[in-house]
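K.L.:
If you want the building blocks of each chain, they are given just below.
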Amino acid sequence: MTRSRLFCALIALVLLLPVTASAQTLQDVLQRHAAEVADPGRRTVGPVIDDLVASGLPGVPGFLSAWADRSVVRRVEDGLFFVAREGDGDTLALLDIATGQTVAEAVAEDAIEEVRPNGGVQRVIGTALVQFQLSDPDIAVRRDAVQALARSLEPDQIAPLERSIPGEDDPALRARKEQLLAYLQARFGETPQVRIAALDSLAGDLSVETRAVLNQVLATEFRMAEAAPEGPRLARLLVPGEDMPRADAYAALVEAGLAEPAPTPAEMKAALEANIVEGRVGGIPVAQLFTDAARARAYAALAEAGTVPPLVTEAQIDASLAAHTFFEEYIETDADVIAAAARALASTQTTVAVNQAFDLGLDALSLASIYFLAAIGLAITFGVMGVINMAHGEFIMMGAYTGYVVQLVVPDYTLSLLIALPLAFAVTFGAGVAMERLVIRWLYHRPLETLLATFGISILLQQLAKNVFGTQARPLTAPGWLDGSLVFNDVVAISYIRVAIFVLALIFLAVLLYVLNRTRLGLEVRAVTQNPGMAASMGIDPDRINMLTFGLGSGIAGVAGVAIGLYAQVTSEMGQAYIVQSFMTVVVGGVGNVWGTLAGAGLIGLSQKGIEWLNPANTLAAQTYMILLVILFIQFRPRGIVALKGRAAEA
Amino acid sequence: MTATVTAPAGAPPRRSLIAQNPSILWFLAILATFCFGVTFLAEATGTGAISTSMVKTLGKTLCLCLVALAMDVVWGYCGILSLGHMAFFGLGGYAIGMWLMYARTEIIVAQSLAEATLPPTEAEIRDGIATQIFGVVGGNEFPAVWAFAHSLPAQLAMVVLVPGLLALVFGWLAFRSRVTGVYLSILTQAMTLALSLYLFQNDSGLRGNNGLSGLQNIPGLESLGQDVISIAFFWASALALALGYLLFAWIVSGKMGSVIRAIRDDEARVRFLGYHVESFKLVVFTLTAIVSGIAGALYYPQAGIINPAELAPIASIYLAVWVAIGGRGRLYGAVIGAALVSLLSSWFTGGGAPDVDLGVYTVQWTDWWLVLLGVSFVLVTLFAPKGLGGLVDLIAERRAPQRVGDYGPDKSALRREEGPPQGGEE
Chain A
1 MTRSRLFCAL
11 IALVLLLPVT
21 ASAQTLQDVL
31 QRHAAEVADP
41 GRRTVGPVID
51 DLVASGLPGV
61 PGFLSAWADR
71 SVVRRVEDGL
81 FFVAREGDGD
91 TLALLDIATG
101 QTVAEAVAED
111 AIEEVRPNGG
121 VQRVIGTALV
131 QFQLSDPDIA
141 VRRDAVQALA
151 RSLEPDQIAP
161 LERSIPGEDD
171 PALRARKEQL
181 LAYLQARFGE
191 TPQVRIAALD
201 SLAGDLSVET
211 RAVLNQVLAT
221 EFRMAEAAPE
231 GPRLARLLVP
241 GEDMPRADAY
251 AALVEAGLAE
261 PAPTPAEMKA
271 ALEANIVEGR
281 VGGIPVAQLF
291 TDAARARAYA
301 ALAEAGTVPP
311 LVTEAQIDAS
321 LAAHTFFEEY
331 IETDADVIAA
341 AARALASTQT
351 TVAVNQAFDL
361 GLDALSLASI
371 YFLAAIGLAI
381 TFGVMGVINM
391 AHGEFIMMGA
401 YTGYVVQLVV
411 PDYTLSLLIA
421 LPLAFAVTFG
431 AGVAMERLVI
441 RWLYHRPLET
451 LLATFGISIL
461 LQQLAKNVFG
471 TQARPLTAPG
481 WLDGSLVFND
491 VVAISYIRVA
501 IFVLALIFLA
511 VLLYVLNRTR
521 LGLEVRAVTQ
531 NPGMAASMGI
541 DPDRINMLTF
551 GLGSGIAGVA
561 GVAIGLYAQV
571 TSEMGQAYIV
581 QSFMTVVVGG
591 VGNVWGTLAG
601 AGLIGLSQKG
611 IEWLNPANTL
621 AAQTYMILLV
631 ILFIQFRPRG
641 IVALKGRAAE
651 A
Chain B
652 MTATVTAPAG
662 APPRRSLIAQ
672 NPSILWFLAI
682 LATFCFGVTF
692 LAEATGTGAI
702 STSMVKTLGK
712 TLCLCLVALA
722 MDVVWGYCGI
732 LSLGHMAFFG
742 LGGYAIGMWL
752 MYARTEIIVA
762 QSLAEATLPP
772 TEAEIRDGIA
782 TQIFGVVGGN
792 EFPAVWAFAH
802 SLPAQLAMVV
812 LVPGLLALVF
822 GWLAFRSRVT
832 GVYLSILTQA
842 MTLALSLYLF
852 QNDSGLRGNN
862 GLSGLQNIPG
872 LESLGQDVIS
882 IAFFWASALA
892 LALGYLLFAW
902 IVSGKMGSVI
912 RAIRDDEARV
922 RFLGYHVESF
932 KLVVFTLTAI
942 VSGIAGALYY
952 PQAGIINPAE
962 LAPIASIYLA
972 VWVAIGGRGR
982 LYGAVIGAAL
992 VSLLSSWFTG
1002 GGAPDVDLGV
1012 YTVQWTDWWL
1022 VLLGVSFVLV
1032 TLFAPKGLGG
1042 LVDLIAERRA
1052 PQRVGDYGPD
1062 KSALRREEGP
1072 PQGGEE
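Protein sequence lines correspond, in order, to chains A and B. If you read the first sequence in the working numbering, its first letter stands for residue 1, the second for the next number, and so on. If you read the second sequence in the working numbering, its first letter stands for residue 652, the second for the next number, and so on.
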């Protein structure tokens, strides 16, 4: 609490002027409430503070903070209050309560009584202090005060907050104060006009706080009545069986004394069991009580004899429910305020919906860029060579593990990332070329067998990774500057890692387009894609091109692995999570075209996020429906969104 | 179709099924010998040299052989690399598992409620069963898919109907829009993934990732020990395998078999010849799916538990691996592949195989079996596209077929089926 001490000192400096005799002093006010000040309780402290604030004395804030700090003492001999400070040895120095000047030195501890307000009182004092702190010259104090105020909005904060706004010179803090004032006025404003004006100013604001305030103004309570209510306070009617369970509605009636309690099936059963007389219940043998009808008869017999409470039939329940109307009613009584709040909430909800759509778009974009990164390598190998590489996911995994190993050696995360990206490309490029030379080259005319052979390589690589790195997930830590999120407002936010992945996807797209369309290699690749025989006749070596293409596709997978490893867990099975999605991206997009893959990734990312939005609780269901959607999509465009035309299509 | 080769002029003489497929007799003889051997060595019926769990493993292997047969017909003969047949297998298992679980829980619930003072009502028994079965996923009501779970005949029909209908609808959609080759494989894989993801949800109504368990306890047969039940299921599996072998041998050797193989080799040409390719494919796809479902229904009571992981795409890929290693395009190849690889796999991963000490490093097969499988799979694909079944040709001293092109069995497979080579080696 050094800040409070400093605060006392400041106040004291300002107030070194002698207090005029005609005005009452702080000590006078305190002496009027001497007992309450010395032994404050939560109930008694209120009037004291009110009186202190009403006095308008400049020393009040200093005293209040000293009081809350438990540094106020009362001198035994004359009952005057002082601020105590530790003196030499066991003694204390006493300071004047208003000016802070030292009044007495070396006072023995038994000459004074300490004033020790409890936690509850301290909070009350703290709330009272807020109004002084709101205008404090120190901006940090003001910020703390505003924060404390925002935590618990109280009606009596309106006046001090309003007073502090004109003097506020920090624009951000001023805006925040005005916002809080609007909240306070909306909820506790004195006249409906003030409240409506405040509510109108809140319309369209999408912060969580605003929505909470609006909902508090529009809080409802459950009611029931015999006649249907009318008027602006009616929030909505509740139909038993539709808007609320029948049992709940009936229980509410019973609780209100408007209906007889109906025995539940369990209670009926217990009553039957309790009334077995010589193997019979109500004259019916126990052995026959295996249907509900028989049990009801037995219970009715018991009820007639008066041993159990009477049975309430479904018809009776229906009649009771029909005789009453159940509804929710606004606690707020002023119709105009309700209308204004409803208006503001509707407008806010519209803004929130728009922003949520935007946020969803960002999510979809981020997912699409991940799918694009994962799939583009596959699209190249599949598109150019017609080779399905089932080990593609394992190349992603290899890239991620490369990043992990680099981080083991290079502790600086930024530097290690810069090393890992090209290294992952190099490693997986090498692996891809080796695989192409050793296996795939021999299987060009047998696409289904490549699928199987590469699957063999996939399980081999997976198990090798498991043997080398173990089964537990390995961390691939993002550099510090990628922590946190890019926050637009309370609804729209995206983490920097996802932004980075998006940027990486863009870079990849640009580089690939450049390589394929503007370089010699790209020209040869496209030639081989379209017609390998003709390309060979033109002096292009298809073998070499195939090898390089396969290496390129694999290398991209490795880089994608580093990117994916930054936000997902690096395990030997991580590739499996992406392989089917990647296939679908390629197939939906259309083979052999970068734009096609982009379109496929966009479509799949968007539809998956869209389905998740419709059913947010269940991402598994979203994936299921997304796959079904893809299967249906293939029905209509079997060759994907961007389909190759002409002879190349059947190649 | 050897008949056409030997008698090119005139109509081919009608020959019996067995004459066309000499492997049938061999297969049935070996299967029968194997079954009787196991029976005489089993605990319940013989000396007890083979433990009950081993009998179950062998019984399960027979079921896997059956689904591999189906896979061989749809892939090796018809050229559709389906990555969904293990999903049909799993669906069959779920269908029978629902009845097994329901009926057994019913007995347990009825027993516990019988001790109550009042005799239980039907609704109470049903609620009790629902709470028992779905308590683990936080439910206490029967989902709609369990509507027929109380009836064995209904669920047995489901074993056939569910995989059959799914395959029919999916196949109709896929074949109609002429999705072929690799695309079709990916599509079937997507279907499998969707199915397993769906079953992983708790509100799928099939207990989410807990799956169905306790399936080895056959309701009404509690008095018989597991040793007897295991032998019974072993024989049922063997019988199903034998019938499946006969059925598929019959299908692939008749005229329909010729069309199916022709579709594998050159789909467009068959279409131009006037055959309705889609119908043939659909029949083969659906029929093999049904057989897979039946195999699954026999497998899971022996395994005792089924969960959605069993339907994951990887399982279907392994199925393709078995068939490829065993040898595509010959029925006994699929059986050899499935039996050998699945038994080897359980031997290696179960810790049965001795570790190999290389001095600097000890190879533990639990860690290295998949590496070995992966390598051998690549090697088989590269160097022995006919798989282990190709060894039979060597034993039978049959000449390797001369191929017209350099295409493998996918694009224009064993041309000897179609006739003598036209142009020799390329």
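Just so you know, not all the hints are guaranteed correct.
As the list claims (entries may be wrong) - Among the chain A residues that face chain B by a calculated CB cut under 10 Å, a handful are: (1) N215; (2) L272; (3) V277; (4) V281; (5) L289; (6) A453; (7) F455; (8) I457; (9) L632; (10) P638; (11) R639; (12) I641.
Source of the hints: derived by calculation from the structure; they are not laboratory data. Using N, Cα and C, we set each Cβ at its ideal position, and we do this for glycine too.
K.L.:
For each hint, tell me whether it holds in the structure or not.
P.N.:
Do the hints match the structure? See the list:
At about 30 Å, the closest approach between the beta carbon of N215 (chain A) and any beta carbon in chain B exceeds 10 Å, and the interface hint on this residue is violated. With a cut of 10 Å, the hint placing L272 (chain A) at the interface with chain B holds, because the nearest CB-to-CB distance is about 6 Å. Here the hint on V277 (chain A) is broken, as its CB sits about 13 Å from the closest CB of chain B, past 10 Å. At its closest, the beta carbon of V281 (chain A) sits 8 Å from a beta carbon of chain B; the interface hint therefore holds under the 10 Å criterion.
Evaluation of the L289 (chain A) hint against chain B yields a held restraint, the C-beta minimum of about 5 Å falling below 10 Å. The interface hint given for A453 (chain A) holds, since its Cβ lies 4 Å from the closest Cβ of chain B, which is under the 10 Å cut-off. The closest approach between the C-beta of F455 (chain A) and any C-beta of chain B is roughly 6 Å, which is under the 10 Å cut-off, so the hint is satisfied. Because the closest C-beta pair between I457 (chain A) and chain B is about 6 Å apart, less than 10 Å, the hint holds.
Because the smallest distance between the Cβ of L632 (chain A) and any Cβ of chain B comes to about 8 Å, under 10 Å, the interface hint for this residue holds. The beta carbon of P638 (chain A) is positioned within 10 Å of a beta carbon in chain B (closest approach about 5 Å), and the interface hint is therefore held. The closest approach between the C-beta of R639 (chain A) and any C-beta of chain B is roughly 8 Å, which is under the 10 Å cut-off, so the hint is satisfied. The beta carbon of I641 (chain A) comes no nearer than 14 Å to any beta carbon in chain B, farther than 10 Å, and the hint placing it at the interface is violated.
Hint compliance for this structure: hints 1, 3, 12 are not met, and every other hint is.
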